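> Okay, here's what each chain looks like letter by letter:
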Amino acid sequence: AQTVTQSQPEMSVQEAETVTLSCTYDTSESDYYLFWYKQPPSRQMILVIRQEAYKQQNATENRFSVNFQKAAKSFSLKISDSQLGDAAMYFCATNFGNEKLTFGTGTRLTIIP
Amino acid sequence: DTGVSQNPRHKITKRGQNVTFRCDPISEHNRLYWYRQTLGQGPEFLTYFQNEAQLEKSRLLSDRFSAERPKGSFSTLEIQRTEQGDSAMYLCASSFGSGYGYTFGSGTRLTVV
Numbered sequence: 001a002q003t004v005t006q007s008q009p010e011m012s013v014q015e016a017e018t019v020t021l022s023c024t025y026d027t028s029e030s031d032y033y034l035f036w037y038k039q040p041p042s043r044q045m046i047l048v049i050r051q052e053a054y055k056q057q058n059a060t061e062n063r064f065s066v067n068f069q070k071a072a073k074s075f076s077l078k079i080s081d082s083q084l085g086d087a088a089m090y091f092c093a094t095n096f097g098n099e100k101l102t103f104g105t106g107t108r109l110t111i112i113p
Numbered sequence: 114d115t116g117v118s119q120n121p122r123h124k125i126t127k128r129g130q131n132v133t134f135r136c137d138p139i140s141e142h143n144r145l146y147w148y149r150q151t152l153g154q155g156p157e158f159l160t161y162f163q164n165e166a167q168l169e170k171s172r173l174l175s176d177r178f179s180a181e182r183p184k185g186s187f188s189t190l191e192i193q194r195t196e197q198g199d200s201a202m203y204l205c206a207s208s209f210g211s212g213y214g215y216t217f218g219s220g221t222r223l224t225v226v
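Protein chains in written order, with our numbering: chain Y, 1 to 113; chain H, 114 to 226.
The hints are simulated quantities; they were obtained by calculation from the structure and are not laboratory data. Computed from a predicted structure; not experimentally measured. Do not rely on the hints blindly, as some may be mistaken.
Listed below are the simulated DSS-like cross-link pairs for lysine-lysine, each with C-alpha atoms no more than 30 Å apart in a straight line [what the hints assert, rightly or not]:
1) Lys124/H x Lys100/Y
2) Lys184/H x Lys100/Y
3) Lys73/Y x Lys170/H
Here are the in silico distance ranges between beta carbons for each label pair [unchecked claim]:
4) Ser186/H x Pro113/Y: 41 to 47 Å
5) Asp26/Y x Ser186/H: 32 to 38 Å
6) Asn62/Y x Asp176/H: 44 to 50 Å
7) Asp176/H x Glu15/Y: 49 to 55 Å
8) Pro113/Y x Lys127/H: 22 to 28 Å
9) Asp81/Y x Lys170/H: 39 to 45 Å
10) Glu10/Y x Arg135/H: 31 to 37 Å
11) Asn62/Y x Phe209/H: 19 to 25 Å
We treat Cβ as the ideally placed atom computed from N, Cα and C, and that holds for glycine.
Based on the provided sequences and hints, a complete structural model is requested.
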């Protein structure tokens, strides 16, 4: 079965510090895309960062970066210099090489002022 | 472009009634997706369209659910004979293709009483 697992239901971090959210997945596909989405309370899902599985270089978007380990099927998100506006549910997702995205169960991130 | 628009934002209905939701995607996107999200879970795939063709439906989409995308523009999701288990957030998204990631709407929250 193709699954996405986020083992941390909740995480917290002090403002301005760095936090890493974990995600693992299981697939036999070799060509796929991975995503991190942010869902603030009562607001829409926003794409944070995207990684192509055939690229070894880890994606970076400003304060957000990923650690993609294809062999280990691991795709973690690092948030540097955490800000209050980063507080949200974070979902890891992949398309497993097809059209639909499969999401993990999410990690609720709290920023401590 | 104002992004993906969903209406209504909230819907409360009595069990057994029919409801219909509308999604207006980003006009340049030819793919449109419907997902369902329950509390504490990640979004689950329901169905997707490429232009006006419905190309895949999840087993979650029982025969009480029907989706249409006439003329490849807006889409509607209808639920007939609603049940309490249908209470959820219904998310619409659009894209050029799953590898690009989705742009989500704000969702329609359905409560069946």
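> What are the numbers of the hints the structure violates, in ascending order?
The structure conflicts with hint 8 only, although it agrees with all the remaining ones.
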